[in-house]
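From first to last, the protein sequence lines stand for chains A and B.
Heads up, the final residue of the first sequence is numbered 479 in our numbering, and it's a clean run with no missing numbers.
Heads up, the final residue of the second sequence is numbered 451 in our numbering, and it's a clean run with no missing numbers.
Each hint can be trusted.
Here are some chain B residues pointing at chain A (derived, C-beta under 7 Å):
| id | residue |
| --- | --- |
| 1 | Arg303 |
| 2 | Ser304 |
| 3 | Thr305 |
| 4 | Phe308 |
| 5 | Ala315 |
| 6 | Asn316 |
| 7 | Ala319 |
| 8 | Thr322 |
| 9 | Ala323 |
| 10 | Gly324 |
Residues of chain A placed beyond 12 Å of chain B at every Cβ, according to the derived structure:
| id | residue |
| --- | --- |
| 11 | Pro27 |
| 12 | Ala93 |
| 13 | Leu118 |
| 14 | Asp122 |
| 15 | Glu123 |
| 16 | Gly147 |
| 17 | Ala162 |
| 18 | Arg224 |
| 19 | Arg276 |
| 20 | Val406 |
Please keep in mind that the hints were generated in silico from the structure rather than gathered at the bench.
Glycine residues also receive a C-beta, built at the ideal position from the N, C-alpha and C atoms.
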Amino acid sequence: MNVLYGLYQPDEGEILVDGKPLKLKGPSDAIGAGIGMVHQHFMLVPVFTVAENIMLGAEQTRGGIAGFLDRRRARREVAEVSERYNLRVDPDAVIEDLPVGIQQRVEIVKALTRDVDLLILDEPTAVLTPQETEELLTVMRSLKAAGKSIVFITHKLGEVKAIADRITVIRRGKTVGTASPEASRDELAALMVGRNVRLTVDKSPATPGDPVLEVAGLVVDDDRQIRAVDGVDLTVRAGEVLGVAGVQGNGQTELIEAIMGLRPVLAGTVSLAGDRIDGWKTKKVLRAGVGYVPEDRSVDGLVKEFSVAENLVLDIYDRPPFGAGLALKPDAITSSAKERIEQFDVRTSSADAPVGTLSGGNQQKVIVARELSRPLKLFIAAQPTRGVDVGSIEFIHSRIVHERDVGTAVVVVSSELDEVIGLADRIAVMYRGRIIGVVGPDTPREEIGLLMAGISPDAAAATDGGPATDAGSASEDEA
Amino acid sequence: MTNPNPQSGSPDKEPASEAQAAQNALGNTERASTTTAPKPSEPEPKPSLGRLFLDNLWAANTFTVTLLSLVLAVVVGAVLMIISDPDVLHTYSYITARPSDAFSASWTLVSEAYANLFKGSVFDPEAFAGWLNGSNGWQAVLAPISETLTYAAPLVFTGLAVALAFRGGLFNIGAQGQATIGVILAALAGFLLPLPPGLHLLVAVLAGALGGALWGFIPGILKARAGAHEVINTIMLNYVATYFLTWLIVQNGVQDPKRTDAISKAVDTSAQLPRLLGDNLRVHAGILLAVLATWAVAWLLNRSTLGFELRAVGANPDAARTAGISVTRTYILIMVFSGILAGLGGSNMVLGSTASALTPLVVAQIGFDGILVALLGRVKPWGVLLAALLFGALQAGGNRMQSYSGISLELVTVLQALIVIFIAAPALVKAIFQLRAARAARLQTSLAKGW
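Could you build all of it, start to finish, from the sequences and the hints given here?
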């Protein structure tokens, strides 16, 4: 896709647009050819307004005088496009104040103001609530009705089936097949992996033991010193999986980081098997028997320049048998790495290959292998399968359930509702820094979806507007 | 549903063959990229080993870039010599009439200059002939090497200091200041403490290391605790160190009582690094310490838990922190170790044979040259050692070039700068030599990392 958008140059082959071959030297060529792209990670300047972001890269000057930006015209364009495609955005809102769903809409509007005919959406739903996703699909339908072509890239089979007219499956850089949206989920999954996969997680009922993790009245700030976790109480018992559901950015990240000692606890307590661990250093928490899969593997989970073997000991390099005093034991590290690679089915050319050369799924398996290779009391997995292929998802899920079955307390944080429902024995839904409800895995999806949007079934909890009401009004408009 | 992968039999075997494919794909990227490039449409012929080697060499790996950067620098240096020599330049005014004049004059100038550079730094055939027929001693034969090693020793230390910090993700511009404080403490210990030989030297060397450690610790703790950027702080501390030295030299008890200008007392002979090849050659034990330090840094980086932490923090501080490594502690340690190395480099300047007393310019530019050495050595310990030897050779040879060919010593500085500029711009070198645009240009990222 980055080739299509002109960010990378093709080594071979050609791109045809309207039957004519196209040479793309950069994104501006792509835009010129009517190709627009919405990236998985938004390319917006957080402190600029919507209108400013939209004119970025195509700045209009007032009366053609250099240096004088024509903001009014940008605002007018935004209004026009929003009107035409029914995409409501406020041109004067500052990006960082907007919820992610709206930020994404800004990206789409930005592409549309460039008059594109082909819109590429790269994993657009990863950061959205089920309701926001539904809205996005509605927007895509109306764009389609307006004659635009859309390339929609996603790992999520349900969405593909809901929106696509034609499905192309790519695996290891090759087109491995095409399918119609009538194909079953299992058929699509088999195409993606190259073999038959089980999409549901097989597990026996949990046999919870004593409480392992107890969180009481936890208060944590985020990086901008804004309250992110606001009085959370949680208990996780040995041998059960607690799923933490919620739209990204509702305090899940900060909650977990506070438990891991990566973020200061401002109030409340965290206990591990009876010991207070709040205020402990991360190393001590890890040593106490906590395994942790961070949500962003490339930022927090792995050192990409390091070899697979080195990454497999990233948090135990100084422990026997890998380290003795000040010295490392390279032989022990390598031989243990070979074992892990085998055991966790990590596809790599060798233990010495830089971990950055592995696929996302295999990178994730390296982290899971590292964390599950020592005796644990508590295992915390944040977004354990984000951006991971279906085959690896299956594998990682089975390892998580296995860990539960040997009596470890497990916390799975995921913005992917299916994952939480599939893995969890109990589901805690987080909204705006609080646990808004704890429900069983048999709870209807719609109910959990509403909880994620801050609407608890018995009380109208979301009184202060925000994404929930925003989403509501927008979908009304589109209906 | 049809099996999408034609060459595999049953779906059950798929994972194995997939792993195989991945293995091949990963293992062969190098070969694939080099062999398929010339004729992409043809089925891949099995390349000969020699062909493979040549291909890889020309695929612009960083070693090639380093070598070609040297060549380019030498060429540009030659041009500079020609245009800065009025006599030779004059021959170009009638080049159309008698081109041979211009060419031979240029050739004579350039070849003689570079020959002197070589004779002054590596080997002088005349001295060798003289030794054979008895007109001079063996010392004259080894003199160029001795000079090279003398100049290289402190650069090894400062180069290692910068490289070590670099690997930990810190851009230590402050090797100069750390070396300055190191030289001060080493010299003070050298002429103030009345200690027996041996112990005196040890104490003086350690004092130098301590000074550097202190001057590295300050920006380290500022970075770790207050988030102050080490580039700013180390630059500022360079000034503080330099002016502290200038002030200190003229204080009572420090300044040489027999002198009125800014020079301190001389370091006691008991605190001086022993000369290795007799009193006539300047090479001293500092170069042995330098090799030892190189080995120690290489071990530290690659074979120790501390080095693991350091490299992890350097490559990805977030992941290091998540894995329980204390990033702040590591930053402080990096700067302290870096400072120790730079301080040792500084002590070489006054405990070795280049000078025995403090002057305002006693540390020369070793801290800043250390940055260049570290880059040239591709921030690897043994690479730094080689780079320091090269820079030492350029300086030693430059002295002879100046006195024999009348080429100013500054040209050597220009050469050093050119080498590093070319190395920092691998794309430029590749463009000039038409190298294949393969992987190669990793150096740029190592440069950007510190910021």
